[in-house]
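Given these sequences and hints, build the entire structure.
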Amino acid sequence: MTMRPRGARAAGVVAVVCAAAVTGCTTTIPGAAHTLRTSPPSTPSTAAPPAGDGPSSGFITPTSLGSKLLKRDAVAETVGDAGLKPIQTYDKPDFSSVMQPPQCDYRAFPARSTAYMSSLLEGMAGEANSDDATGVLAAQVVSSWTTVDHPKMVLSTITGEWRMCPEGQAFTSFSNGDTTPWVSGPITTASEDRAVSLMTRQEGAAKSCAHVVTAYLNTVIETLVCGPGDTVAQASVIADGLVANLRA
10 MTMRPRGARA AGVVAVVCAA AVTGCTTTIP GAAHTLRTSP PSTPSTAAPP
60 AGDGPSSGFI TPTSLGSKLL KRDAVAETVG DAGLKPIQTY DKPDFSSVMQ
110 PPQCDYRAFP ARSTAYMSSL LEGMAGEANS DDATGVLAAQ VVSSWTTVDH
160 PKMVLSTITG EWRMCPEGQA FTSFSNGDTT PWVSGPITTA SEDRAVSLMT
210 RQEGAAKSCA HVVTAYLNTV IETLVCGPGD TVAQASVIAD GLVANLRA
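Whatever position you read off the sequence shown (first residue = 1), add 9 for the working numbering.
It is worth saying that the hints were derived from the structure and are not from the lab.
The reader is advised that the hints may include incorrect statements.
[What the hints assert, rightly or not] List time: in silico DSS-like cross-link candidates among lysine-lysine, alpha-carbon distance up to 27 Å:
{"no.": "1", "residue 1": "K94", "residue 2": "K80"}
{"no.": "2", "residue 1": "K80", "residue 2": "K101"}
{"no.": "3", "residue 1": "K101", "residue 2": "K161"}
Listed below in structure tokens is the structure:
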């Protein structure tokens with residue numbers, strides 16, 4: 010399935026130099042000139058996520074993930090934009106676009122870490138919504154793992170990948186002849202279970218973007234918000250809402 014931008018939108022939802030071939034659909038993310046492809050941009054290895062929804066040995070089953078996502082109206086209220094429309098869904102890791110310098114491929118978009126190539130990944134669900142008129146983007150992705158210990162390892166891997174693109178580094182995404190300029194911001198560790206990556210999209214009206222990763226039980230939660238407001242607070246509220254849904 011291909012989803013193409015209808016105008017300048019918020020940044021898409023970063024990948025990583027990954028291992029293993031991944032099958033999946035091709036998706037274009039508005040604003041970020043970001044096209045999801047079926048294989049990671051690096052040397053393949055033998056590890057790959059299992060297909061289907063097998064039995065879970067953790068607390069959260071992969072088949073329940075979709076029902077745990079926040080409703081669009083709740084997300085819209087959080088980011089203060091009632092014009093959000095769906096642009097993408099997630100059910101597996103996504104790798105795409107060319108980033109220069111390539112190490113910054115890790116910074117902006119969820120579901121794009123080498124950590125997701127582990128055979129311990131059981132399932133994934135998520136969606137991205139944006140507003141064409143304002144460029145605001147809000148994305149949420151939840152993945153489940155076979156053990157309760159592994160999500161913190163995933164969090165550590167993702168933050169390590171973020172740090173390969175240091176604060177102040179300019180980078181550009183290229184896709185389908187379009188380019189989107191970015192500048193990376195600081196990386197913070199809110200707690201042992203949460204980390205935050207900040208960046209700014211330089212195209213058009215510059216938008217602050219916050220990418221939050223949270224480990225909870227046997228799940229990893231990624232939230233991304235781009236917009237004119239306090240995106241760290243907004244992405245954190247969405248993450249907290251997902252934790253509450255997973256706990257329920």
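Comparing the hints with the structure gives:
no. : hint        : verdict
1   : K94 x K80   : holds, 12 Å
2   : K80 x K101  : holds, 20 Å
3   : K101 x K161 : holds, 19 Å
Violated hints for the displayed structure: none, as all numbered hints are satisfied.
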